[in-house]
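Per this note's numbering, the very first residue in the sequence shown carries number 7; after that it's consecutive.
Hints are supplied without guarantee of correctness; some may be wrong.
Ranges of calculated distance between the beta carbons of each label pair, as one might list FRET restraints [unchecked claim]:
{"#": "1", "residue 1": "PRO31", "residue 2": "GLU61", "range": "46 to 54 angstroms"}
{"#": "2", "residue 1": "VAL58", "residue 2": "LEU29", "range": "40 to 48 angstroms"}
{"#": "3", "residue 1": "GLN60", "residue 2": "LEU38", "range": "32 to 40 angstroms"}
{"#": "4", "residue 1": "ILE11", "residue 2": "LEU38", "range": "28 to 36 angstroms"}
{"#": "5", "residue 1": "ALA25", "residue 2": "ASP52", "range": "37 to 45 angstroms"}
{"#": "6", "residue 1": "LYS47", "residue 2": "THR23", "range": "19 to 27 angstroms"}
{"#": "7", "residue 1": "CYS10", "residue 2": "ASP52", "range": "31 to 39 angstroms"}
Derived by calculation from the structure, the hints in this document are not laboratory data.
Treat the numbers as computed from the prediction; the structure is a model and nothing was measured.
The C-beta atom is built at its ideal place from N, Cα and C for all residues, glycine as well.
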Amino acid sequence: MSLCIAGREFRPSLFPTLATLLLLPLLLGLSLWQWQRAEQKQALQDAFQSRVRQEAVALQT
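Generate coordinates for the entire structure from the input sequences, incorporating the hints supplied.
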């Protein structure tokens, strides 16, 4: 199989094509995991910041 783009011929070989097809879902899954982890970290940071802004609680001794 070949593909002509801008006057150049592109002929992908079997191994890099299979490697790409196998690794692409894995890498997309890892990127989604990173995105969700960033949202979790942001939620933790927001909760911490809201507690920092609260008034101090007096302790009885």
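Evaluation of the provided hints:
1. Between PRO31 and GLU61 the beta carbons are some 50 angstroms apart, a value that agrees with the proposed interval 46 to 54 angstroms.
2. At roughly 42 angstroms, the beta-carbon separation of VAL58 and LEU29 lies within the given 40 to 48 angstroms, and the hint holds.
3. A beta carbon spacing of about 34 angstroms between GLN60 and LEU38 agrees with the range 32 to 40 angstroms that was offered as a hint.
4. In this structure the supplied range 28 to 36 angstroms holds for ILE11 paired with LEU38, their Cβ-Cβ distance being about 30 angstroms.
5. Separation of ALA25 from ASP52 is about 40 angstroms and conforms to the stated range, judged on CB atoms against 37 to 45 angstroms.
6. Look at LYS47 against THR23: about 36 angstroms separates their beta carbons, and that is not inside 19 to 27 angstroms.
7. A beta carbon spacing of about 52 angstroms between CYS10 and ASP52 contradicts the range 31 to 39 angstroms that was offered as a hint.
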